[in-house]
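Protein chains in written order, with this note's numbering: chain A, 1 to 391; chain B, 1 to 163.
Quick caveat, the hints were computed from the structure, so don't treat them as lab data. A few of these clues could be false.
Stated by the list, open to error - So the derived label-pair ranges between C-beta atoms look like this:
| hint | chain 1 | residue 1 | chain 2 | residue 2 | range |
| --- | --- | --- | --- | --- | --- |
| 1 | A | Asp20 | B | Ile127 | 36 to 42 Å |
| 2 | A | Arg248 | B | Arg9 | 20 to 26 Å |
| 3 | A | Asp55 | B | Trp78 | 28 to 34 Å |
If you're wondering where the values come from, they're calculated on a predicted model, not measured in any experiment. Glycine is no exception: its CB is placed at the ideal position from the N, C-alpha and C atoms.
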Amino acid sequence: MDKVAVVGVGNTPFKARHIDKTFPRLAYESVRAAMDDAGAAKEDIQSVVYSIYNDFFEHCMMPDHHIHYLLGHARKPGLRVTTGGATGGYSIRAAFAEVASGLHDVVMVVGVEKVADVANVFEMVKSITFAGDPFFESRLGGSPSGSYAGAIRWHMEHYGTTEEDCARVVVKNKGNARNNPDAQSPMELTVEDVLASPMVVPPLKILDHCLNSEGAATVILASEEAAGRFKREPVWITGIGASTESGRQTERDDVGDSLFPAVKASADAAYRMAGIDDPSSAIKVAEAYDSFSGVEIVLYEEFGFCRRGEGTRFLADGRASMGGSNPVNPSGGLIGGEHAIGATGVYQVAEVVRQIRGEAGARQVPGVDRGLAQSMGGARGAYSVTIVLEG
Amino acid sequence: MGMPGKDLRFEPMKEQDGFAIIPDTWKVDFYASAGELSRFFIELKDNARLMGTKCPRCGSVYCWPRSWCHDCYEDCDWVEMSGKGRVQMFGTVFISLSELQTEVPYCAGGVLLDGARYPLINYFRDIDFAEIHPGMPVRAEFLVPEKRLGSIRDFYFVPDQGA
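Pulled out of the complex, with its shape left as it was, chain B reads as follows (with noise of 0.2 Å):
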């Protein structure tokens, strides 16, 4: 299991079996820019909105959104997803990537909201795992402002009691 933010560029060779076993980390930093996505990642952090996107010509939305219809080839105009859908596949984690090792367990899938051509994919959460089947009503559930960064892990899908 790794641990996360360790460099090991600068610790020394062990040996094994007679093998030289040489440390070493590769990490790069980026500021990637969202690019024509950069509006759901804005309403997200500064509104708590989730937007979507739909094709004028044959009416598809989507959520991840994306800037043109892979069908139609048109560039696609920005809509306000409801954040309600429901669960449509799942799977609960137990062993993770390093980074994520320290959340286990967690369960994440895809959710088909309201009006979406496809699912979206998030995380579960406030629920017992065993309790999420295909089908299962669920709303985004927003961080508070205060730990929104922007980011897609901003939100999470909750049971929607109300459905």
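Same shape as in the complex, but just chain A (with noise of 0.2 Å):
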């Protein structure tokens, strides 16, 4: 298997609306700064992977295939992902593979996500119900929400975290996107104000949730070979892995206490491909799915970053803080930061890209030589897929 470097990223800032970009436009204009990054031409790009999460949010049915040939790329090959919120680990993975395999020297991937063109809100979570089950669950309304809640409350009544813990990571995650030019919600909160601000699915409030963002990621990939074509210096791909579980968000077996198993699945494997045996001192940032407040708390787990029921101490000592010994989402992860779905876990791979080459600015880790991006989907987090990268 061929060594995976990343050498291009670039991403557009992030909003709850580009109302003057169209799909396309978003994904081209990250493009664009990834080529620059990369120094890299049309004609060095061999393949492309589009991570393009739900066709309801780009009000097309296949998206991935107007932007190729939009981009210039008609008749090479264009693979289309969507795995709910890991679409973009799972775009990265394809083109890993891609390059891996030695079927392509340089493979671009392209997560662009829309959401404000579907009509509300409402409409807006109800084409995420269509994920699941036609017959069993789609039709009972199940959100988002409601499929992490009941993990995060679960956490609360073993291991006695409370509301006010998982606030604590609203107000890290908000204020770390402070120092994140591209954010969408920077905010200098309290974990009172979280507490205050309304309720969705106890113990979640609005402020517990992760963002609706639209924009777009771009990376590209190369092989060791081609990536001496390029102007900048690599950041490899060591370790990936990637898990799907059960759609149906109370069915998982032979789990043990894991609430995201799934997670930790697709973290033992890039582990295991990247030699660490020792997560906590190999890692030493990460940029993670905190698609909701409580969740990053049990993601410190999943890691092993800390001992089971030990994740509440972990955000308390401010290990996951900036400063601390494993900072997790410095951008501001997908509360403070962006949620683009297609668009996340590229993003989260061009932020750690940026920390092992010392070009994450205000949000810089210092002496990052590795470092970890996951994101996960489906209910209850049914696909996840961990990415180990270092300089």
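Using the supplied hints, reconstruct the complex from the two chains, each of which is provided in its own coordinate frame.
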């Protein structure tokens, strides 16, 4: 298997609505940014993977081939991936496989999402529920908030995690977003502000939720041999693990006390591939899928940054904060930075690459030689992809 | 054949050969921004003008418009199209999707507008479909202002008798 490098990254700013741009235009702008970053020409790109989650968000059933043509890549291979919130991670994995296998030397991953073209947030949530089982689940109206709230509530009941603890994730990530010029929702908040926001599905209040964003992110992957053609020092993908669980949020087999077993499986696979035994010392920064505040606390445990049930302590001790041992979501994550779903997993990789290059500006974590990007999707994290990147 | 606008979600299950046939409808509403292409729809609705875009580097003219040239990666400029062109390809439809089933037969096809690089698709109207042929001169005809919605259906092609 060939080594795989990230040689270029780019993204648009993230907003609640880019009213002035269609989804192909957003994609194009992120592609241009990544090509400029890499010093790549259009002719360098041999294949493209499109990371686009929801046809309803794009108002188009097969958005990828419209973008592919408008990017000037007609008659080259183009593949669209959609796996819920893990769309970005799985797209990176598809492109990684194309390069690692020797099928192509240079493969581009383009993640893009609209969301505000859907008439309103209720219609948007409805379109997400179409992912459930059509006979037994979708008609009941299960929402993403509902599927994750149950897991967080379980953590609260078993380990004593409180709504205040969850609110501290929001304060951290909205605060981190203040250091990210592309972030959608930088805010200086208190725990009390979060607790006072309107309740959606207990224990999740509005401010515990991820953002709904529009935007795009692109990364360019290259083989070791091809990486030398580009102007940037390569950042290597040394581990990549993927896991798809039961799509039924209440049905999980043989997972012990793991609340997001797909995450644990993907992280374990990525660590094995990267030769990591002790993730808490090996991983210097993580961009992780904080779809809801309490989810991030559970992720610390699934990642092996701390033991089961100690996620709240990990947070309270400041270990996930800027300046801590394992800063999580310096970009602001999904709560403060962005959640343009198809773009998210791609943007996470771009952010970790910037951290390793030392180019993350005010959100830079000192001395990052290895970082982690993790995205997940489906009901209660049915999909997860974990990626280890090294300088 | 489906019925436009019918919502099946609250209809009772039907039994067919011992199987449960469960009615459903997927319906999602949109207010979709045309973004950087908005001028096309605004000029169409407000002024009955057909707008294209032109690459400042290679000179390609695109209608329907695109905001950048896929060959040159240059942002394009807006240009007004004459609305005249020639039929490139076409097809007459007798069995259609549910919403258009009331409009059959209709004829749609690509028209290469004067100066444009690629054809623009729309309906042919006010013509005997049997007379349509590749190379036939046509021109855009616009709905009256009170009927224009800002939709691609605000215009159609008719024979250009003066060509």
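Hint check:
{"no.": "1", "hint": "A:Asp20 / B:Ile127: 36 to 42 Å", "verdict": "38 Å, holds"}
{"no.": "2", "hint": "A:Arg248 / B:Arg9: 20 to 26 Å", "verdict": "22 Å, holds"}
{"no.": "3", "hint": "A:Asp55 / B:Trp78: 28 to 34 Å", "verdict": "30 Å, holds"}
Comparing the model with each numbered hint stated earlier shows that all of them hold.
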